[in-house]
Each structure stands twice: as C-alpha cells, then as structure tokens.
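Could you build all of it, start to finish, from the sequences and the hints given here?
Residue 61 in my numbering sits at position 13 of the sequence shown, with consecutive numbering throughout.
No wet-lab data here; the hints were simulated from the structure. Since the model is a prediction, treat every value here as computed from it, not as a measurement. Built from N, CA and C at the ideal position, the CB exists for glycine as well. Among these hints, one or two may not hold up.
Listed next, with one range per pair, are the computed distances between beta-carbon atoms [stated by the list, open to error]: (1) N162 to G108: 13 to 23 angstroms; (2) A57 to R209: 42 to 52 angstroms; (3) S143 to R75: 19 to 29 angstroms; (4) A79 to G108: 15 to 25 angstroms; (5) D124 to G206: 20 to 30 angstroms; (6) R153 to E125: 28 to 38 angstroms; (7) K189 to P60: 43 to 53 angstroms; (8) P210 to Q58: 44 to 54 angstroms; (9) P210 to T59: 26 to 36 angstroms; (10) V193 to R92: 20 to 30 angstroms; (11) P83 to G185: 20 to 30 angstroms; (12) A57 to G108: 39 to 49 angstroms; (13) E183 to Q93: 16 to 26 angstroms; (14) Q207 to Q61: 14 to 24 angstroms.
Listed next, the in silico PhoX-like pairs over lysine-lysine satisfying Cα-Cα at most 20 angstroms (straight line) [what the hints assert, rightly or not]: (15) K96 to K85; (16) K84 to K73; (17) K85 to K189; (18) K189 to K84; (19) K146 to K73; (20) K96 to K84.
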Amino acid sequence: MVCAGAAGAQTPQEKEASRNATREKLRQLLATSGPKKGIGIDFRQSDKQPYNFVGVKRDGLVNSDAIEIVIGVTNDETIGFRIYPHIKSGYINLSRAKDSAGLMRMLLHLSDSNFLYWGADTTDDVFAGYTFTLESGFPDKAIEVVLYSIAPLDGFVGQMRPFIDGGT
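So this is what it looks like as structure tokens:
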C-alpha cells in the first residue's frame, strides 16, 4: 500500500505541468464561452497572477455597477471562482455596510439557498464563489454553468442594498 501511494505522488515539475495544462484548458474555455449570449464577459489573464483570469460584466445589470470575476487555477488541482459585485464604483465591503450584521446574516442565508456560496475575503469585500476539484478531469460544462450563473447575482445585490447603504 505504501508503494501505491508513493507512485501516485507528483513531482513539483509534474504538478506545475498539470497546473499549466489546466490553465490552458481554462483559457480556451473562457475564450469560447465568455462571449456567449447570457454570459457576455471578456476574460484575460491577470497581469499580477499568471494563474488567474479576470473579467468584468457591465451589461444587463440593474443593481450593480459591474461584476468582477476572478478565476484561479490553484496548486492543489482546483479552479476557484471569486465574483465581486460593485456598487457605487466599489466593492461591497462588510466594514463599510450600514448594517454589517444584517448583511452577514443575509450572506449566510443566500449561501444556504443559492447555487454559488457567498463570503467575504480577508479585506471584508463580499463575493460569490465556487470551487471545482479536478479529480475527475476538467469540468468544462460545469464551468460554463457557473459562468451563466454570474448575471443573476445582480438580483441578490438588490436584496442586499438595505444592509449595504440603506437603499431599496
């Protein structure tokens, strides 16, 4: 049993090659799926983090000024989505919210009932997220489902408005 476990372990070079291959598959998927009707997002590789792709959705939004999407390929064979709604030209931030406790409670309730989960990063900026593991291969169709799920997040931002700025 010990030999079987050791044979399955990847060298650092193999891990990097696998991560690079996943990044290229993701690049191709985003190039073909991003422009599709219902998604409408142009993705590009991040200048700061070569394993991240970023895009901004601006059209068709009622409650958000924009929705920023960051998709990262990790060292641990996962692909993670962080989707940040912007209002008043900035991130929704727990520390600046009119009712931060109410906003946090709403995020927890939305995580229970939504396809995507909601959270806050280390700077208290609110995001919706999803994480894929790559154990069963590259999930191209499932990634596209998440891409189609970005635009409807705008409606949830409208529900958060009273907690963010007291608006309706």
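*Okay, which hints does this one fail, numbers in order?*
3, 5, 7, 9, 14, 15, 19 and 20
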